[in-house]
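Colleague: First to last, the protein sequences are chains H and A. Letter 228 of the first sequence, counting from 1, is numbered 228 in UniProt numbering, and no numbers are missing. Letter 74 of the second sequence, counting from 1, is numbered 74 in UniProt numbering, and no numbers are missing.
Keep in mind the hints are simulated off the structure, nothing from the lab. Among these hints, one or two may not hold up.
Identical copies carry no separate label here, and so any pair may be met within one copy or between two of them.
Listed below are the simulated DSBU-like cross-link pairs for lysine-lysine, each with C-alpha atoms no more than 35 Å apart in a straight line [as the list claims (entries may be wrong)]:
#, residue 1, residue 2
1, Lys-82, Lys-71
2, Lys-71, Lys-170
3, Lys-326, Lys-170
4, Lys-71, Lys-42
5, Lys-79, Lys-276
6, Lys-326, Lys-71
2 protein chains.
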Amino acid sequence: MLSTILTTGGAGFIGSHTVLELLNAGHNVICIDNECNAYHEKNELLPESLKRVEEITGKNVTYYNVDIRDKNALSSVFKKHKIDCVIHFAALKAVGESCRLPLQYYQNNITGTSVLLEVMTENQVFNFVYSSSATVYGDPIFLPITEEHPTGACTNPYGKSKYFTEEILKDLCVSDNRWNVISLRYFNPVGAHKSGKIGEDPNGEPNNLMPYISQVAVGKRTLLRIFGNDYATEDGTGVRDYIHIVDLAQGHLSALNKLIEGGLRGFAVYNLGTGKGYSVLDMVKNFSTACGIDIPYEFTSRRDGDIAACYASTEKAEKELGWKAKYGIKEMCEDTWRWQKNNPNGFAALKSDL
Amino acid sequence: MLSTILTTGGAGFIGSHTVLELLNAGHNVICIDNECNAYHEKNELLPESLKRVEEITGKNVTYYNVDIRDKNALSSVFKKHKIDCVIHFAALKAVGESCRLPLQYYQNNITGTSVLLEVMTENQVFNFVYSSSATVYGDPIFLPITEEHPTGACTNPYGKSKYFTEEILKDLCVSDNRWNVISLRYFNPVGAHKSGKIGEDPNGEPNNLMPYISQVAVGKRTLLRIFGNDYATEDGTGVRDYIHIVDLAQGHLSALNKLIEGGLRGFAVYNLGTGKGYSVLDMVKNFSTACGIDIPYEFTSRRDGDIAACYASTEKAEKELGWKAKYGIKEMCEDTWRWQKNNPNGFAALKSDL
Chain H
1 MLSTILTTGG AGFIGSHTVL ELLNAGHNVI CIDNECNAYH EKNELLPESL
51 KRVEEITGKN VTYYNVDIRD KNALSSVFKK HKIDCVIHFA ALKAVGESCR
101 LPLQYYQNNI TGTSVLLEVM TENQVFNFVY SSSATVYGDP IFLPITEEHP
151 TGACTNPYGK SKYFTEEILK DLCVSDNRWN VISLRYFNPV GAHKSGKIGE
201 DPNGEPNNLM PYISQVAVGK RTLLRIFGND YATEDGTGVR DYIHIVDLAQ
251 GHLSALNKLI EGGLRGFAVY NLGTGKGYSV LDMVKNFSTA CGIDIPYEFT
301 SRRDGDIAAC YASTEKAEKE LGWKAKYGIK EMCEDTWRWQ KNNPNGFAAL
351 KSDL
Chain A
1 MLSTILTTGG AGFIGSHTVL ELLNAGHNVI CIDNECNAYH EKNELLPESL
51 KRVEEITGKN VTYYNVDIRD KNALSSVFKK HKIDCVIHFA ALKAVGESCR
101 LPLQYYQNNI TGTSVLLEVM TENQVFNFVY SSSATVYGDP IFLPITEEHP
151 TGACTNPYGK SKYFTEEILK DLCVSDNRWN VISLRYFNPV GAHKSGKIGE
201 DPNGEPNNLM PYISQVAVGK RTLLRIFGND YATEDGTGVR DYIHIVDLAQ
251 GHLSALNKLI EGGLRGFAVY NLGTGKGYSV LDMVKNFSTA CGIDIPYEFT
301 SRRDGDIAAC YASTEKAEKE LGWKAKYGIK EMCEDTWRWQ KNNPNGFAAL
351 KSDL
């Protein structure tokens with residue numbers, strides 16, 4: 001069923017890759033973004049990521065520079081378009097920054113979401129896909145992590161904002177049976193579209209491993225620092241469930257299909273991961289192979305709040321969404337490298353943030 | 001140290017009694033309220049509760065009809081007055097309603113608080129007393145409940161909104177050491193000021209026991225329904241820690257004094273209760289004695305989410321705030337009755353909401 005989908009934060013890493021898959025599937029896509037983390041060339045209509053999505057797909061995105069906390073601006077988008085479903089990516093997402101600026105995180109992530117839900121209600125739009133995170137599980141008490149794993153033991157404002165928002169969504173679905181909400185708990189998205197034209201483009205020093213490794217490979221950073229080699233894992237470094245961004249984007253399509261086909265009533269949550277854990281050293285080794293360049297690294301002390309290992313049970317998503325990750329670590333590394341090599345400075349060809 | 005105190009929700013039950021104590025202590029009080037739950041006679045400057053506070057104290061309150069979610073209106077109050085501390089009462093507070101209207105609760109209670117904190121930051125005001133609730137403890141795992149009891153297992157949006165806000169306040173204090181925040185976890189506030197001129201004035205059917213009993217006593221309701229008589233308590237009815245509203249109000253003064261004397265850095269939480277638990281039947285019996293009227297009641301089934309017993313450890317507040325409740329169950333009932341008898345329809349002399 002082809003639908004009109006509003007994506008918030010659609011210019012970001014996960015947003016832009018999902019917009020691409022939505023367009024390829026034939027959906028009509030409306031995109032809003034406040035561009036707090038997106039490169040936008042002067043005199044262009046679209047942020048660079050979405051411009052490239054249009055190039056890759058040969059299709060058009062309807063775009064508005066709107067902040068979800070701006071109720072009037074948001075309402076006007078809902079007045080202009082008959083929206084069937086909202087996929088809500090817009091959020092601040094850096095753990096360390098969230099500890100320094102908690103109020104900004106709560107305002108963007110919780111207040112922003114609640115304004116969006118209010119405007120949706122006013123416009124009778126009740127299908128919602130939410131960008132949650134495995135961080136809501138806190139330090140895992142069992143592995144692989146199923147959706148039944150307890151949530152809430154988050155140690156930073158970013159994680160809490162995701163957990164609180166899930167609770168708000170649950171309460172909303174209990175209070176009003178018109179709502180159908182799927183919360184997708186992402187594990188560790190990496191990789192890039194095969195075209196090498198869109199990918200992860202962090203501002204300043206990357207917070208995540210994969211962009212860091214690829215910036216070392218491309219010569220933008222000299223050395224990878226690995227936080228802790230004394231975890232109770234095979235090689236002592238942290239183990240995570242990395243998932244290819246194209247798989248993740250397709251997970252959103254599966255969730256969307258479930259919603260628009262009426263296959264869900266109320267609130268449901270699904271892990272999006274591969275179910276496989278890789279260590280930091282695994283990733284370094286595989287990335288080196290993919291790019292043919294040795295990645296220099298050194299070990300440093302553990303980072304506050306980091307956990308030893310975390311990987312998903314993928315059974316529920318497979319069974320109920322009919323979705324399963326297709327790409328392995330090889331594609332994750334090769335596709336990241338293609339993007340990085342072709343775009344050493346990310347979307348801003350001339351930008352230098354070294 | 002005499003200070004200028006902004007109270008949000010100052011026209012409410014707890015707000016108005018605290019404003020009274022603040023004025024009596026010589027503080028300069030600025031009051032804001034959105035009047036969503038306050039009676040305001042036409043052509044009067046103040047909501048009726050605050051008008052009566054002025055009568056009782058012979059002092060003036062500076063008042064603005066402002067909603068805390070309205071950033072511009074809130075900012076203008078901070079521009080007009082040099083505020084030393086904010087006591088933040090404004091919130092929606094009905095558990096049942098919160099299950100029906102979760103988004104309104106989260107927006108009033110969380111978004112509202114976060115707008116307030118943002119405006120405070122912009123105006124360099126960093127002393128904050130927060131109205132929290134024993135509900136953040138969920139179903140107690142030990143009694144009496146100390147401040148170290150785990151929090152977060154709340155089953156309704158009202159309770160969650162209080163818990164989430166406490167977490168936001170904690171994160172804020174960790175991120176920025178200019179903040180000094182005291183969260184006061186109220187047990188069950190009852191009673192009224194000795195004057196009989198101000199008291200609890202719920203809209204419609206009361207959610208709480210004491211106003212219900214007193215409305216039966218005054219003839220506004222025919223019968224008290226008691227939810228459950230098969231709890232594991234002495235007489236089978238629920239046991240709570242009722243605290244006289246004047247004691248509670250004075251607890252705010254103690255917290256305020258600690259803040260403005262610089263006796264606290266960062267975030268602290270205190271229970272405000274008496275430490276004594278009374279059952280529903282205890283309250284009915286004591287109220288009957290106070291008013292000289294038999295209170296007819298019947299038992300009905302337990303209410304979802306209600307717990308058997310809940311009472312505070314009061315040691316921490318006693319030790320660190322130098323505060324202890326002075327009034328017992330007798331005064332709670334007598335003072336409630338004086339208020340109810342003199343004001344059978346609450347603040348609106350002619351109002352009939354039967």
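Colleague: May I ask which of the numbered hints given earlier this structure violates, with the numbers listed in increasing order?
Modeller: 5 and 6
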